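J.: Each chain is listed here by its residues.
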Amino acid sequence: MSGRLQFCTFFLGNYFLGVEVERIQEVIRYQAMTRVPLAPGVVRGLINLRGQIVTAVDLRRRLELPEKSGDALPMNVVVRHEDAVVSLLVDEIGDVIEVDEDSFEPPPDTLQGSARELVRGSYKLKDRLLIALDTDRVMCFADGHST
Amino acid sequence: MAQLNEALREFLDEGTELLDQAEQDLLAIEKGGAEPATVDSLFRCFHSIKGSAGLLGFPEVQHLTHAAENVLGRIRDGKLAVASEIISSLLRVVDAVRKMLASILNTGGASDHHPEALIERLEKLLLGGPPSVQPAKRKEASASTPASTSTTPEPEPAQDASSSANTSSSIRVGVVQLERLMNLVGELVLTRNQLLQFTLSHEDPAFLTTSQRLNLITTELQEAVMKARLQPINNVWAKFPRMVHDLAQQTGKQVRVEMEGRETELDRTIMEAIKDPLTHVLRNAVDHGIESPERRRTAGKPEEGRIDLRAFHEGGQVIIEVSDDGAGIDIDRVRQRSLEKGIVTAEQLARMSEREVMALIFAPGLSTAEQVTDISGRGVGMDVVRTNVEKIGGTVDLQSRPGQGTNLKIKIPLTLAIIPALIVTTGGDRYAIPQVSLLELVRLEGAQAQAQIESIQGVPVYRLRGNLLPLVFLSRELRVDAQTAADLTNIVVLQAGDRQFGLVVDQVNDTEEIVVKPLGKHLKGIRVFAGATILGDGRVALILDVFGLAQRANVVAESHDRAMNERVAHAQAEDQSRQSWLLLRAPNDGRMAIPLSLVSRLEEFPRSAVERTGTRDVVQYRGKILPLLDLSRLLADPRSAQDAQAATDRETLQVVVFSHQGSDIGLRVEQILDVVQEKVTLQQTESRPGVLGTAVIQGRVTELLNLQSALRALDRAAVSAQPKGNA
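Quick note, the sequences are listed as chains Y and S, same order.
Residue numbers for the first sequence follow my numbering, so the first one is 1 and each next one is one higher.
Residue numbers for the second sequence follow my numbering, so the first one is 148 and each next one is one higher.
These aren't lab readings, by the way, just hints derived from the structure by calculation.
Be aware that a few hints might be false.
To be verified - Simulated crosslink set (DMTMM-like; lysine to aspartate or glutamate; CA at most 20 Å straight-line):
#1 S:K668 - Y:D100
#2 S:K664 - Y:D71
#3 S:K668 - Y:E82
#4 S:K664 - Y:E101
Claimed, not checked - Footprint (simulated), chain S over chain Y, 3 or more residues, beta carbon under 8 Å:
#5 32-38
#6 44-56
In this text, all values refer to a predicted model and were calculated from it rather than measured experimentally.
Ideal Cβ positions, reconstructed from N, Cα and C, are used throughout, including at glycine.
Generate the whole structure from the sequences, applying the supplied hints.
T.: Right, dumping it as structure tokens:
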């Protein structure tokens, strides 16, 4: 029997994305944010996570997807990265699901542009496709992306 | 195994401390003679190291310290006089043991040093050094212990017992542990702040009392933990006498170091940061400051130079002063060097004040040393000192008088972890400004707001008490939209290095104790932010880096600095004729003007407040007695005597307060009309005593009052007791 992987899943528009469960610290609802002037455009602000100051990254902007319509507030997926934690802002949270390593495929063709580079691949589920994010690459924007 | 390592670590830690102590004792003996207590302390240091070294199996250390102990034993028993040779040999022992400990630390095992030569030397001292002149103090001490005749010191068990009893009142705590405690307290402070906000909306008395107590306890806990992190500055200073001693010998000078305030306490982190700058300053003082004994003699100074180290607390800050009585800084040499190195142009130099020239010492690449020595003079000096001190939010101030010495004053904050900050709002967001950079707040309202902000070659400036203050608009620097009323300007006057600037913000909120937290790596590159903090309502606020902000806005950049200087000089030239004037209605309905810069304040007093002492009218003002003068009397104008009478009959008196020879004086005037800023050209000079001349201000002929000369005349008159008599 091949390995099973656990993914924490979330939605961005029509996309169903996931990050390995081990990388996730926690998932929390929308938090008040303090914007950071002069910061790269993908940084939406800073949130107070029980006394720890966490940078919140707008995942839509990071993946160069259109801005969200409607006024539902984004959720925070708090990801451990190197020694710090960073929050990824997503539209909606899904379940934690188990996938078969065998079902791994390259990213779908519908994913275009730089978003494609931030994705490790996809897993074919029964009724949909789970896109696995490469969080290391997602976090790598300190240079060149500043607005 | 782990236990052994711990014992070893303890031995090394303790050994280093003991060696520091031994070195201090040795230098104390060199300076002030062999006080029994000092010799005892020294003896104990070597003895303790010997004991532990024997126990852990480091025979080299053991033998060497034993030899030193023997020498000290003889001194203690009055059998050996203290000679400079003994002191330097024992200092060598300290160095050698230090090296051994270092190699034990590095290699983890036994050291391969061979201290035989040194031991031999000590033994020679022991045998060939009969008591030549017995120090007087020694006699009484030895009289009390007449029985001890043996050369090997034996009364040890008692000392061991006492020293272990002493140490039981304190324990060693790892730095990591302390840091963790500090972080937790930081969290607690933030949670407390948040809780206190909730109390505003509650009325339950039990809840209110409990949170009040929590508030107090948190504050106390914060202070206590902060205190635990404090160390006396002596931890840094302790090595200075030795360093100066060595440097002085190297350079053939005689230097004495005096310390005051060794017990002044500082946060660990700050201590680390000032160690190197202080060392550098001290090296400079010995190498460049103090002259050779011959030169000092010629200059009529004692041959021995003197360096004073002072440390004390003042207003939540620590002040460290290093002064020497050496040659001082040759200002012409600074000028010459700055020109040679291209730091300034001749033209700029000509316009600089002495103070500004002196500040060039801090420019990178400038050294006034005649010769590059291995001690100092390589041009990487004072700029590093200043940068390091500024990095921790401190300031450096240098004063020097040729032939008399140099005084360097370093001001640094007590701690970096929890700091007081001013909270301001711009573009709807709050920002924290560290209080150490804050000078004052200026609020401009109404029409004057716009009028008082001028533009000099495209740079907005505000005229603050005659000085041009470059303005930086926070909203523009951060590229956010300002949300402020058009007729209101809030200026936060800040100090960045040796420059001041005004930061224009939308709103000034309050001061708060904040806990400084670092920004994530994605945001580290933004130099206008020093970190972030969590405010009382739980929201995150960014902490402004005042220096970074000033650099971004170009108010401190070198080139800009120059340009600004030029502009200021230009503006000041223009200022000679354009200045602020206080307009008064003079006796006989005339108009008079006084330069506003001479005026301290404008006041009104009720007629009933005026009292008389002798021949003068006075009022009680700010806890002092303010003498009142009449403008008419000042002018010695007989025509206006009636008007003066009329003025004194009024219900309220209008008084212009200014300072004359160190004390306040009130000038009673008919009426204060206006404050104007105008280019004034004297039309006619010295029309009458006390008047500079006449000019046209606001389209009307106005006399310019010469306050100084009028006052001098009055002083002279006062000597003849009856000032009115000369009318």
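J.: Quick check: which numbered hints come out false for this structure?
T.: 1, 2, 4
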